[in-house]
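*Asks:* What follows is the residue order along each chain.
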Amino acid sequence: QQQVKQSPQSLIVQKGGISIINCAYENTAFDYFPWYQQFPGKGPALLIAIRPDVSEKKEGRFTISFNKSAKQFSLHIMDSQPGDSATYFCAASAIQGAQKLVFGQGTRLTINP
Amino acid sequence: DSGVTQTPKHLITATGQRVTLRCSPRSGDLSVYWYQQSLDQGLQFLIQYYNGEERAKGNILERFSAQQFPDLHSELNLSSLELGDSALYFCASSLGPPSIQYFGAGTRLSVL
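Chains C and G are the protein sequences, given in the same order. Residue numbers for the first sequence follow my numbering, so the first one is 1 and each next one is one higher. Residue numbers for the second sequence follow my numbering, so the first one is 1 and each next one is one higher.
If we strip away everything but chain C, and leave its shape as in the complex, we get (with noise of 0.2 Å):
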């Protein structure tokens, strides 16, 4: 109950196109979803995150879509740089109690110019 299983495990976008990456959960306990960019040799830095009270959020290039029904959410990149290639994880965790993360496997996405 505490996995988060993320799709694909890596994809290849052309520039300008749109990526997009897939999470969904199991546990209803989770109230917080945030996504993480990780490059080689750095630590995962926060992206873009939402709450179940809305169904979707938008940063810039980024949105987030949940469907808290069908307990799934998803990242969308619109017109991908090749400046975006780098692993995306999609996580989750309960604001009640420690909060800690838990990770999909995470995506390997290449943008080609």
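Quick caveat, the hints were computed from the structure, so don't treat them as lab data. Computed from a predicted structure; not experimentally measured.
In silico SDA-like cross-links for lysine to any residue, where the CA-CA straight-line distance does not exceed 20 Å:
#, chain 1, residue 1, chain 2, residue 2
1, C, 42, G, 44
2, G, 57, C, 30
3, C, 5, G, 39
4, C, 57, G, 99
5, C, 15, C, 62
We have chain C already, so just place chain G on it with the hints.
*Replies:* Below, chain G alone, put in the same frame as chain C:
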């Protein structure tokens, strides 16, 4: 730069040895989290401290222990090391739940 400092960046050691990983949280952050990142297990939560006290435990082995000191820096101690302990170990800090976790650059541990 996240403001979270981890040392050392790389650590190479032998099986059976003991190592200490250090984390200095962002200024003002009271909470420290430790995560392990390996190819087969992904990013896994190990343990969390809040203002010097253990707050939550994840899949942390009994051979591993951690503490948070009065100046809020934290150390993760790994003992009786095995080949399978080779991984990236990340520290994250936050003001305190619920708030954003900021990650350090990690310590890469290689057990030979």
